[in-house]
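Take the sequence shown: its position 370, counting from 1, is numbered 594 in the numbering used here, and each next residue is one higher.
The hints are simulated quantities; they were obtained by calculation from the structure and are not laboratory data. Bear in mind that the values here come from a model prediction, so they are computed numbers and not experimental data.
Mimicking DSS-like on lysine-lysine, the simulated pairs with C-alpha atoms at most 30 Å apart in a straight line are: (1) Lys492 - Lys508; (2) Lys506 - Lys495; (3) Lys508 - Lys445; (4) Lys445 - Lys492; (5) Lys540 - Lys506; (6) Lys370 - Lys228; (7) Lys540 - Lys519; (8) Lys329 - Lys569; (9) Lys506 - Lys519; (10) Lys507 - Lys492; (11) Lys519 - Lys507; (12) Lys569 - Lys370.
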Amino acid sequence: MTRKVFLQLFPLFILYCTVFFVLAEDSLDFGDESRYATYAENLTKGFYAPSDTRALPNGPGYPLLLTPFAFFNIPWYWAKMLNPVFIFLAVCFIYSALRNYMSEKTALFFTYLFGLYPPFYAELWLLLTEPFALMLVSLFAFLTIKWYSSGRYRYMLLAAVICALIALTKVFFGYVASVALLLSMVLSKWSPISRKTVPIYAIALLLCVPYLLYTYSLTGKLFCWANWGGYTLYWNYTSHPDDLGGWKSPEDIATRPELAHHRPFFEKLQKLDCVERDRLMKKKAIENIINNPRKAALNYVCNLGRLFLNFPFSYKYQHPRTLLYMVPNTLVVGAILLSLYPLIKLRRFLPPAIVHACAVSVVYVAGHSLLLAGARYLCTIMPFIFIILTYTFTNLIRIQAPTGEPKMR
Numbered sequence: 225m226t227r228k229v230f231l232q233l234f235p236l237f238i239l240y241c242t243v244f245f246v247l248a249e250d251s252l253d254f255g256d257e258s259r260y261a262t263y264a265e266n267l268t269k270g271f272y273a274p275s276d277t278r279a280l281p282n283g284p285g286y287p288l289l290l291t292p293f294a295f296f297n298i299p300w301y302w303a304k305m306l307n308p309v310f311i312f313l314a315v316c317f318i319y320s321a322l323r324n325y326m327s328e329k330t331a332l333f334f335t336y337l338f339g340l341y342p343p344f345y346a347e348l349w350l351l352l353t354e355p356f357a358l359m360l361v362s363l364f365a366f367l368t369i370k371w372y373s374s375g376r377y378r379y380m381l382l383a384a385v386i387c388a389l390i391a392l393t394k395v396f397f398g399y400v401a402s403v404a405l406l407l408s409m410v411l412s413k414w415s416p417i418s419r420k421t422v423p424i425y426a427i428a429l430l431l432c433v434p435y436l437l438y439t440y441s442l443t444g445k446l447f448c449w450a451n452w453g454g455y456t457l458y459w460n461y462t463s464h465p466d467d468l469g470g471w472k473s474p475e476d477i478a479t480r481p482e483l484a485h486h487r488p489f490f491e492k493l494q495k496l497d498c499v500e501r502d503r504l505m506k507k508k509a510i511e512n513i514i515n516n517p518r519k520a521a522l523n524y525v526c527n528l529g530r531l532f533l534n535f536p537f538s539y540k541y542q543h544p545r546t547l548l549y550m551v552p553n554t555l556v557v558g559a560i561l562l563s564l565y566p567l568i569k570l571r572r573f574l575p576p577a578i579v580h581a582c583a584v585s586v587v588y589v590a591g592h593s594l595l596l597a598g599a600r601y602l603c604t605i606m607p608f609i610f611i612i613l614t615y616t617f618t619n620l621i622r623i624q625a626p627t628g629e630p631k632m633r
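Assemble the whole structure, with the sequences as input and the hints as a guide.
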């Protein structure tokens with residue numbers, strides 16, 4: 225990236241900083257903020273998950289980043305200040321990725337579209353993983369493009385390291401990487417793209433082995449990235465007629481009358497640690513799916529709605545913030561539908577990196593639609609989706625005016 229392009233993109237960084245300073249606060253009152261801070265503090269004390277609860281709700285990637293702030297007692301506000309930097313770096317990586325397929329002006333235009341994507345701003349001012357993960361995935365997408373096009377091993381090794389960091393930050397990506405590795409190994413006999421894909425994910429997963437050995441020592445379970453999946457599965461496939469899926473907190477269950485029918489089951493779970501809770505909740509979710517497949521299918525459709533549009537949620541008043549996701553993601557869904565035909569028809573001529581981006585995006589969306597879904601989780605894979613869409617509309621689709629005079633009636 226040239227100095228000129230950097231300066232042309234710099235207004236986005238000013239915008240991110242402005243939004244941050246207007247909205248950011250010193251407190252950690254929103255969602256998972258306090259949890260990430262707690263696990264960062266645990267690392268400064270020589271452990272990660274508490275041995276009594278064995279709770280592994282998230283990977284260690286983001287808490288590791290926060291560890292210096294916890295160790296030196298630096299206010300968390302300063303840790304939040306990294307978010308504008310992360311998102312701006314993501315923008316720079318996306319520009320560098322797009323330049324492989326289009327002119328400087330066109331890449332700059334689409335990079336601004338990416339940088340102005342409204343859902344990115346929802347977590348900009350919070351101590352959450354999304355800005356950090358967005359930067360990592362954008363860099364990963366860029367490095368895979370360079371690896372497939374140049375064949376230089378340094379790009380492959382860097383891509384593997386970044387993929388491992390993504391998996392440790394967003395543990396669901398560990399499963400995405402595993403599926404990608406298995407598919408690549410199966411197809412490698414026939415596909416040169418798959419043969420170049422195998423080492424990326426093989427090395428990435430190898431780098432995650434120390435963490436997986438730690439989780440095995442804690443939980444006794446192989447290939448355990450976290451033990452929060454049962455909680456999300458339970459809520460996604462609850463069989464009560466008024467439940468549309470979507471996560472509810474223990475505080476909601478204890479205080480909200482419309483959730484009273486869940487209390488007997490959760491009272492049984494209170495005396496168990498997180499590993500046993502996870503096992504029983506997965507068992508209950510599977511029972512609900514088997515006993516009421518139509519309701520499970522309805523909840524799955526609602527899950528897709530939450531992933532793309534952040535709607536619907538059970539027992540929740542709608543907030544204008546939903547429009548921050550619904551309006552732009554409706555356009556994204558429309559663009560995806562328009563892209564399907566040219567991508568499928570011209571699939572034999574697609575660059576390897578675009579084929580890889582399509583595969584990763586499909587695996588990620590298909591997997592997340594089965595588990596916990598919300599529009600914030602779509603932001604993680606948006607760099608790949610955006611690169612696919614921009615490539616399609618600039619290289620595969622041509623809008624041409626008619627050569628003759630239009631017929632008038």
